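Participant: Model the full structure from these sequences, guided by the hints.
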Amino acid sequence: MSLNDRLRTVFIETMQLDADFDVENLKYRDIEEWDSVGHMALVAAIEDEFDVQFDTDQVIDMSSFKVAADMLNDMGAK
Amino acid sequence: MNSLVHSQARLIDALDGSVLAGAELSARVTAAADELSALPDGVLFARMSQDVPSVLRYLGAFESGRAIAMIDPALDADVLAGLVARFRPAAVLGAEGDAPEGYRLTGTSWERISPEGVKPHPDLAVLLPTSGSTGNPKLVRLSRSAVLHNAESIARVLGIDADEVTATNLPLHYSYGLSVLNSHLLRGATVVVEANGVMARPFWTTVETYRVTSLPGVPYHYEMLRRLRFDPAKYPSLRTLTQAGGKLRVELVTEFNDKMRAVGGRMFVMYGQTEAAPRMSTVPAERLADKLGSAGPALPGGSFSIRAEDGSEITTPGVDGEVVYRGPNVMMGYAENEAELAGGDEVGGVLVTGDLGHLDEDGYLYITGRLKRIGKVFGNRVNLDDLEQVVKGYGPAAAVPAGDKVVVWLQDADAEACKAAARTLSERLHLHVTGFDVRQAGDFPLLPSGKIDYRSLEARV
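Line by line, the protein sequences give chains A and B.
Residue numbering for the first sequence follows the working numbering, beginning at 1 and increasing consecutively.
Residue numbering for the second sequence follows the working numbering, beginning at 1 and increasing consecutively.
Hints listed in this document are in silico derivations from the structure and should not be mistaken for laboratory results.
This structure is a prediction, so every number in the text was calculated from the model and none was measured.
In this text, a Cβ means the ideal position worked out from N, Cα and C, and glycines have one as well.
The reader is advised that the hints may include incorrect statements.
[To be verified] Between beta-carbon pairs, the in silico distance windows are: (1) Gln53(A) x Leu356(B): 32 to 42 Å; (2) Gln389(B) x Asp48(A): 25 to 35 Å; (3) Val67(A) x Gly17(B): 21 to 31 Å; (4) Val67(A) x Ala21(B): 31 to 41 Å.
[Said to hold, decoys possible] Away from chain B, derived, C-beta distances all over 12 Å, residues of chain A: (5) Ser2; (6) Leu3; (7) Arg6; (8) Asp20; (9) Glu24; (10) Asn25; (11) Leu26; (12) Phe50; (13) Asp51; (14) Lys66; (15) Ala69; (16) Asp70; (17) Met75; (18) Lys78.
[What the hints assert, rightly or not] If we take Cβ atoms under 8 Å as the criterion, some of the chain A residues that face chain B in the derived model are: (19) Glu33; (20) Asp35; (21) Ser36; (22) Val37; (23) Gly38; (24) Asp61.
Facilitator: This is the structure in structure tokens:
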């Protein structure tokens with residue numbers, strides 16, 4: 001699975017979204033599920049899935065699916 | 001009694017940096033009050049978003065003696081409709097969508113068409129719904145003097161003065177969030193109205209830009225701050241943390257207390273209930289390390305006692321019983337309908353908390369459990385029996401508290417049904433789905449009486 005597909009799965013499972021939900025264009029607080037509580041759960045799930053650790057700035061700057069994907073790419077996650 | 005808004009108080013709108021202070025702030029509050037005075041008799045419902053207009057509407061109502069109920073803007077439309085039908089508010093401020101029957105849409109308000117309404121009791125100032133979007137929330141009736149007394153006591157124990165700056169990172173329809181606003185305005189401090197919360201960059205920009213000095217949080221905020229690897233050295237203005245809204249893990253109390261002390265800051269652990277407007281106790285920052293796990297001594301003007309099952313008072317330190325609080329900040333009572341808004345004080349300053357706990361030799365309270373079946377989901381009190389009702393479509397259910405979440409055991413459900421049940425709970429209660437851990441249980445353990453053995457389920461969590 002590509003990084004994007006895996007990240008997509010993490011988003012859908014963490015926030016319990018429908019399987020065909022358009023997460024690629026999702027931004028923080030666009031939907032009720034991605035509030036601050038959802039963000040915390042999401043960050044933890046992404047760290048587990050990709051075996052990475054985000055620093056403070058990354059956590060609070062992770063404002064969209066695309067930003068999260070870019071961060072993972074920059075960190076060399078596969 | 002004096003005003004809630006001190007002449008030096010300032011409101012800053014984080015959206016555009018505009019500042020309301022002094023004569024301008026009081027003129028805006030008066031203007032908001034004037035608008036409300038044209039409304040017919042009855043309570044006001046205010047959908048409290050984290051914005052300046054919501055704050056001004058609240059202050060306008062409070063300062064002009066108009067009873068106002070603080071409503072979660074995310075409350076389900078049908079729950080809101082039920083509240084409107086039961087309480088017949090004079091208006092719903094900050095409303096969205098078409099007005100219900102008997103109301104007309106005027107600007108952003110639904111105004112009741114009929115001028116006939118029950119006049120709320122003259123002492124009544126603020127109403128807050130008991131938690132639980134399930135069933136029919138009651139409203140907690142708080143008098144003006146209870147709100148002012150509590151704001152004053154909080155300001156005193158936390159040492160809030162005109163140099164303090166805080167932000168609205170807690171919802172204003174939540175009793176803790178409202179008390180942060182009140183206690184700062186009362187002492188002429190600055191409140192930055194901000195809607196983003198600690199997990200987003202704009203909040204921390206606000207902390208830096210306006211030199212925020214204190215940050216309140218419920219336990220899950222501290223879990224977030226830990227995940228963010230919060231370092232107070234990065235925010236030199238931020239030197240006070242306060243915590244309430246449920247018991248914070250002792251390891252986190254220690255961790256954050258140590259972090260704050262290392263930079264010359266302070267941390268306060270507090271205890272309260274909406275029914276006490278809401279604060280009942282605070283651990284003085286300098287005692288936190290040697291009173292770990294305590295909720296602190298009662299606020300100035302208040303007192304705790306511990307009641308045994310037979311109703312007698314337990315005076316021996318260390319012995320558990322039901323926590324009873326007495327103080328000038330205790331509610332007048334509940335209201336379930338419009339007629340009850342006219343009622344006076346029904347409890348005489350005595351709050352039977354439903355919490356189990358004990359006092360130590362120094363009068364410090366330790367909470368050890370709940371008498372009623374209540375859990376907390378991200379700081380929101382939920383009735384566990386209500387949760388079981390919400391998911392009864394999935395078969396027999398048993399809900400137990402699990403820290404900042406609840407675990408709901410389903411006897412006959414598969415994994416798919418557990419996920420669906422969690423979604424149902426999240427939608428009905430408007431709380432994040434990760435707060436509901438729904439699991440397959442198999443047959444429930446039973447007590448000899450045939451009732452579900454909740455203790456053994458709690459032990460499985």
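Participant: If a hint holds in the structure, say so; if it doesn't, say that too.
Facilitator: Hints, verified against the model:
Distance hint for Gln53(A) and Leu356(B): a CB-CB separation of about 40 Å, consistent with the stated range 32 to 42 Å. For the hinted restraint 25 to 35 Å between Gln389(B) and Asp48(A), the CB-CB distance of approximately 34 Å keeps it satisfied. In this structure, Val67(A) and Gly17(B) meet the distance hint of 21 to 31 Å, their C-beta atoms being roughly 25 Å apart. At roughly 37 Å, the beta-carbon separation of Val67(A) and Ala21(B) lies within the given 31 to 41 Å, and the hint holds.
Under the 12 Å C-beta cut-off, the non-interface status given to Ser2(A) relative to chain B holds; the minimum distance is some 25 Å. Look at Leu3(A): its CB is around 22 Å from the nearest CB on chain B, clear of 12 Å, so calling it non-interface holds up. With a minimum CB-CB distance of about 20 Å to chain B, Arg6(A) clears the 12 Å threshold, and the non-interface call stands. Interface exclusion of Asp20(A) from chain B stands, the closest Cβ pair being 16 Å apart, more than 12 Å.
Every C-beta of chain B lies more than 12 Å from that of Glu24(A), the closest at about 20 Å, which supports listing it as non-interface. Against the 12 Å criterion, Asn25(A) stays outside the reach of chain B, whose nearest CB is about 18 Å from its own CB. Non-interface status of Leu26(A) relative to chain B is upheld: no Cβ of that chain comes within 12 Å, the nearest being about 15 Å off. Every CB of chain B lies more than 12 Å from the CB of Phe50(A), the least distance being 16 Å, so the non-interface label holds.
Non-interface call for Asp51(A) relative to chain B: holds, since the shortest CB-CB distance, roughly 17 Å, exceeds 12 Å. Here Lys66(A) stays apart from chain B, with its beta-carbon at least about 16 Å from theirs, past the 12 Å limit. No Cβ of chain B comes within 12 Å of the Cβ of Ala69(A); the nearest lies about 18 Å off, and the non-interface call holds. Separation of Asp70(A) from chain B is adequate, the least Cβ-Cβ distance of about 15 Å exceeding the 12 Å criterion.
Chain B leaves Met75(A) outside its interface by the beta-carbon criterion, the shortest separation being 16 Å against a cut-off of 12 Å. Distance to chain B confirms Lys78(A) as a non-interface residue, since its nearest Cβ pair spans about 24 Å, more than 12 Å. At its closest, the beta carbon of Glu33(A) sits 7 Å from a beta carbon of chain B; the interface hint therefore holds under the 8 Å criterion. Interface hint status for Asp35(A): upheld, as the beta-carbon distance to the closest one in chain B is roughly 6 Å, under 8 Å.
A distance limit of 8 Å between C-beta atoms decides the matter here; for Ser36(A) the minimum to chain B is near 4 Å, and the interface restraint holds. At about 4 Å, the closest approach between the beta carbon of Val37(A) and any beta carbon in chain B falls short of 8 Å, and the interface hint on this residue holds. Interface restraint check for Gly38(A): the shortest CB-CB distance to chain B comes to about 6 Å, inside 8 Å, so the restraint holds. A cut of 8 Å between beta carbons decides the hint on Asp61(A): the least distance to chain B is about 6 Å, and the hint holds.
Checked against the numbered hints given earlier, this structure breaks none of them.
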